[in-house]
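Undergrad: Each chain, letter by letter, is given below.
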Amino acid sequence: MLVLNNLGKTYRTRAGNVRALHGVSLQIDKGQFVAVCGPSGSGKTTLLMMIAAMLRPSDGTVQFDGTDVYAISGRERARFRAHNIGFVFQMFHLVPYLNVLENVLVAQGASGRTDRGRAEDLLQRLGLQHRMHHRPPALSAGEKQRAAMARALWNQPRLILADEPTGNLDPQNAQCVLMHLREFHRAGGTVIVATHGPAAQELATRTIHLREGTVCA
Amino acid sequence: MVVIRMVWKEMWHRKVNWVLAVLAVTTAVAFSVAFFTAAKASERETARLMLSMGYNVHVIAKDADAGGFLINGIPDKTMPADYLDKLAAQQGISYNHLLATLEGKMNWRGMDIVLTGIAPEVCPPGQKKQPMTFQVEPGMVYVGYRIAESLRVKEGETLSVGGRELKVKKCLSESGGLDDMRMQCSLGDAQEILNQPGRITGIKAVDCLCFAKGDPVVTLRKEIGAVLPEAQVLQVKAIASARARQRQMVHNIFALMLPFVVAACGVWIGVLAAMNVRDRQQEIGLLRALGYDARAICLLFLGKAVLVGLAGAGVGFLLGTSLGLTYGPDVFEITAKAMIRWEPSLLAFACILAPLFAVVASVIPTMIAVTYDPAATLREE
Numbered sequence: 130m131l132v133l134n135n136l137g138k139t140y141r142t143r144a145g146n147v148r149a150l151h152g153v154s155l156q157i158d159k160g161q162f163v164a165v166c167g168p169s170g171s172g173k174t175t176l177l178m179m180i181a182a183m184l185r186p187s188d189g190t191v192q193f194d195g196t197d198v199y200a201i202s203g204r205e206r207a208r209f210r211a212h213n214i215g216f217v218f219q220m221f222h223l224v225p226y227l228n229v230l231e232n233v234l235v236a237q238g239a240s241g242r243t244d245r246g247r248a249e250d251l252l253q254r255l256g257l258q259h260r261m262h263h264r265p266p267a268l269s270a271g272e273k274q275r276a277a278m279a280r281a282l283w284n285q286p287r288l289i290l291a292d293e294p295t296g297n298l299d300p301q302n303a304q305c306v307l308m309h310l311r312e313f314h315r316a317g318g319t320v321i322v323a324t325h326g327p328a329a330q331e332l333a334t335r336t337i338h339l340r341e342g343t344v345c346a
Numbered sequence: 050m051v052v053i054r055m056v057w058k059e060m061w062h063r064k065v066n067w068v069l070a071v072l073a074v075t076t077a078v079a080f081s082v083a084f085f086t087a088a089k090a091s092e093r094e095t096a097r098l099m100l101s102m103g104y105n106v107h108v109i110a111k112d113a114d115a116g117g118f119l120i121n122g123i124p125d126k127t128m129p130a131d132y133l134d135k136l137a138a139q140q141g142i143s144y145n146h147l148l149a150t151l152e153g154k155m156n157w158r159g160m161d162i163v164l165t166g167i168a169p170e171v172c173p174p175g176q177k178k179q180p181m182t183f184q185v186e187p188g189m190v191y192v193g194y195r196i197a198e199s200l201r202v203k204e205g206e207t208l209s210v211g212g213r214e215l216k217v218k219k220c221l222s223e224s225g226g227l228d229d230m231r232m233q234c235s236l237g238d239a240q241e242i243l244n245q246p247g248r249i250t251g252i253k254a255v256d257c258l259c260f261a262k263g264d265p266v267v268t269l270r271k272e273i274g275a276v277l278p279e280a281q282v283l284q285v286k287a288i289a290s291a292r293a294r295q296r297q298m299v300h301n302i303f304a305l306m307l308p309f310v311v312a313a314c315g316v317w318i319g320v321l322a323a324m325n326v327r328d329r330q331q332e333i334g335l336l337r338a339l340g341y342d343a344r345a346i347c348l349l350f351l352g353k354a355v356l357v358g359l360a361g362a363g364v365g366f367l368l369g370t371s372l373g374l375t376y377g378p379d380v381f382e383i384t385a386k387a388m389i390r391w392e393p394s395l396l397a398f399a400c401i402l403a404p405l406f407a408v409v410a411s412v413i414p415t416m417i418a419v420t421y422d423p424a425a426t427l428r429e430e
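If you're matching them up, the sequences are chains A and B in order.
Counting in our numbering, the first sequence runs from 130 upward without gaps.
Counting in our numbering, the second sequence runs from 50 upward without gaps.
Misleading hints may appear alongside valid ones.
Part of the chain A face toward chain B, derived, beta carbon under 10 angstroms [to be verified]:
1) L184
2) F209
3) L227
4) V235
Keep in mind the hints are simulated off the structure, nothing from the lab.
Here the structure is a predicted model, which is why all the values come from computation and not from measurement.
Glycine included, each C-beta is placed from N, C-alpha and C at the ideal position.
Full structure from sequences and hints, please.
TA: Here it is as structure tokens:
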């Protein structure tokens with residue numbers, strides 16, 4: 130499903146070049162639950178962004194089902210993300226002026242699908258039925274992340290990329306989010322989680338360790 | 050989630066930004082509408098005053114004594130009558146209401162009078178207007194007050210003037226000027242009586258140069274001189290012209306200020322749009338991550354600019370019209386307040402131009418939004 134070939138990324142800054150990732154070659158098959166572990170600054174988020182077709186690598190290629198995602202146009206890449214990838218971020222990234230239901234439906238604008246009922250079902254499954262018409266500032270951190278989870282699941286992606294999804298949550302909410310990632314995985318979806326926590330690693334079928342921009346295990 | 054719905058929701062969420070942006074458009078529109086409303090009224094006022102002044106441009110023969118004409122009011126030389134046709138045939142000129150006359154002094158029943166033959170008034174192409182003076186039919190005569198009083202002339206009476214029979218159409222009321230000593234008949238009758246077939250002594254006109262830059266008489270001489278090199282042009286200046294000049298000066302000051310005001314408002318909108326883009330960096334990154342392409346991001350910001358422009362156009366039009374109606378008469382020296390009125394066409398212009406203006410002012414911030422690196426914005430905590 131996903132083939133990373135000799136992937137590298139160097140950020141150019143005023144202070145000089147920073148090599149965030151180099152020589153990463155991986156193959157991730159459909160249905161895997163992959164935990165990407167490593168200390169801060171090891172390149173986890175950079176790796177996820179490059180897999181998501183959002184950060185062009187300095188070296189190497191990212192192939193999704195045989196297609197080099199950086200060889201296609203920006204518009205095609207946007208369509209690719211809308212149809213194939215769901216995101217869960219540590220900082221939730223909910224749109225502040227939309228209520229919870231609308232935040233889930235934000236994904237529809239890009240995919241072209243319209244299914245309000247599915248969004249309501251997802252929110253009910255995630256225990257947010259009473260919060261559908263509330264805006265993000267009124268939600269707790271756990272509720273925000275569950276809303277973000279519903280948004281990631283709404284367009285029925287093939288791959289969910291989760292960047293430290295439990296980093297800002299209490300253990301109960303963290304467990305809830307991980308449970309839904311596991312459900313998605315059990316239903317045949319592929320999950321890649323960048324994490325520090327042991328809980329996500331326990332659920333993973335495969336763990337990749339990054340250190341100073343390279344895969345060390 | 051339709052992008053336009055997001056635009057609407059975001060505007061209500063960030064009310065201060067939206068209100069300030071609408072205020073900027075409102076300022077630009079209000080200033081423009083107030084200026085154009087008052088300026089149009091000012092033009093109407095000037096035109097009205099110029100018409101009430103009567104003909105203020107005189108075209109006489111090149112060899113006529115201009116000094117004598119100014120003293121006596123009658124040119125001492127004639128010119129071909131077809132000069133009128135030549136002037137009337139010109140397009141894009143700055144005069145109107147062309148009236149050819151043949152004037153001559155004569156003695157009638159022992160009294161020195163002025164006989165004036167008047168041709169039907171003509172207008173240059175595309176400038177059809179109501180005649181400013183009465184038309185005299187052949188065989189008819191209008192008798193000046195002093196002549197009628199002194200010689201006991203009555204309306205309907207038939208007079209013999211220079212061997213020609215003319216019926217008195219009307220005895221004119223007292224004017225206190227040369228007109229009291231005039232008998233006015235058709236140009237053909239006057240040419241016959243004065244034995245000047247095919248000749249005229251002058252062409253009167255009204256200039257349309259109240260708002261022109263520079264001295265109008267120079268422009269008129271240039272225009273008329275090109276058509277009639279064998280004629281000279283005199284312009285009668287009066288208080289009305291001075292007022293027109295004053296209004297023109299105010300007009301020019303506002304016309305100079307307008308681009309600066311509009312440009313300042315454009316910068317204001319641009320800064321607000323840039324602040325809005327900066328505040329929404331992570332939202333932009335998220336939308337890009339969810340698959341929104343550059344066009345959708347553009348629509349998010351330019352759609353907002355269009356709504357801001359439309360709101361500003363409506364409010365600005367109302368405000369500008371109110372300001373124009375309230376202060377226009379004083380600023381532009383418009384004496385008749387009834388002359389200033391709201392201009393519906395400006396609303397249509399405002400509704401088209403204000404959104405366009407807001408969009409142009411928001412283009413650079415929108416381009417910045419489109420080029421944001423979504424990965425970088427989503428990484429920030």
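Undergrad: None of the hints should be skipped; say for each whether it holds.
TA: Now for the hints, and whether the structure bears them out:
With its C-beta approaching chain B no nearer than about 4 angstroms, L184 (chain A) sits inside the 10 angstroms limit, and its interface hint holds. Taken as an interface hint, F209 (chain A) checks out: its beta carbon lies about 8 angstroms from the nearest beta carbon of chain B, inside 10 angstroms. For L227 (chain A), the shortest C-beta to C-beta distance to chain B is roughly 6 angstroms, which falls under 10 angstroms, so the interface hint holds. Evaluation of the V235 (chain A) hint against chain B yields a held restraint, the C-beta minimum of about 5 angstroms falling below 10 angstroms.
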